[in-house]
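One point on numbering: in the working numbering, the residue at position 22 of the sequence shown is 23, and numbering is uninterrupted.
Keep in mind that the hints were calculated from the coordinates and are not lab data. By construction, the Cβ of each residue, glycine as well, lies at the ideal position given by its N, Cα and C atoms. Possibly wrong hints are sitting among the right ones.
Label-pair distances were calculated between CB atoms; the ranges are [said to hold, decoys possible]: (1) Met17 / Ile49: 46 to 54 Å; (2) Ser8 / Leu37: 20 to 28 Å; (3) Thr42 / Ala16: 17 to 25 Å; (4) Ile38 / Gln3: 47 to 55 Å; (5) Val19 / Thr51: 25 to 33 Å; (6) His22 / Ile65: 32 to 40 Å; (7) Arg11 / Val46: 33 to 41 Å; (8) Gly34 / Asp54: 28 to 36 Å; (9) Asp18 / Leu45: 29 to 37 Å.
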Amino acid sequence: MQTIHRSLVRAQFAAMDVIDHAGRRRERGDVPGWVLITLMTAGLVAAIWTVADTQLQNLFTRAISKVSGR
């Protein structure tokens, strides 16, 4: 009975090792989510800035003039 139990425990550990190793191998080439979010945010900022450069400058100038009282 102990031999069967030991064999089952060894088989369970071997299966867990195979699953763990396969999971690590598969994740090796993945790009983390925070990298994608950072790149997408930078792309959106660049696109909005390109399209609305003049409007953003006018908005900033008006906001500063209201705060400084000029």
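Structure-based check of all given hints:
no.: 1; hint: Met17 / Ile49: 46 to 54 Å; result: holds (49 Å)
no.: 2; hint: Ser8 / Leu37: 20 to 28 Å; result: violated (45 Å)
no.: 3; hint: Thr42 / Ala16: 17 to 25 Å; result: violated (41 Å)
no.: 4; hint: Ile38 / Gln3: 47 to 55 Å; result: holds (53 Å)
no.: 5; hint: Val19 / Thr51: 25 to 33 Å; result: violated (50 Å)
no.: 6; hint: His22 / Ile65: 32 to 40 Å; result: violated (58 Å)
no.: 7; hint: Arg11 / Val46: 33 to 41 Å; result: violated (55 Å)
no.: 8; hint: Gly34 / Asp54: 28 to 36 Å; result: holds (30 Å)
no.: 9; hint: Asp18 / Leu45: 29 to 37 Å; result: violated (43 Å)
Of the numbered hints given earlier, the model fails hints 2, 3, 5, 6, 7, 9; all others are met.
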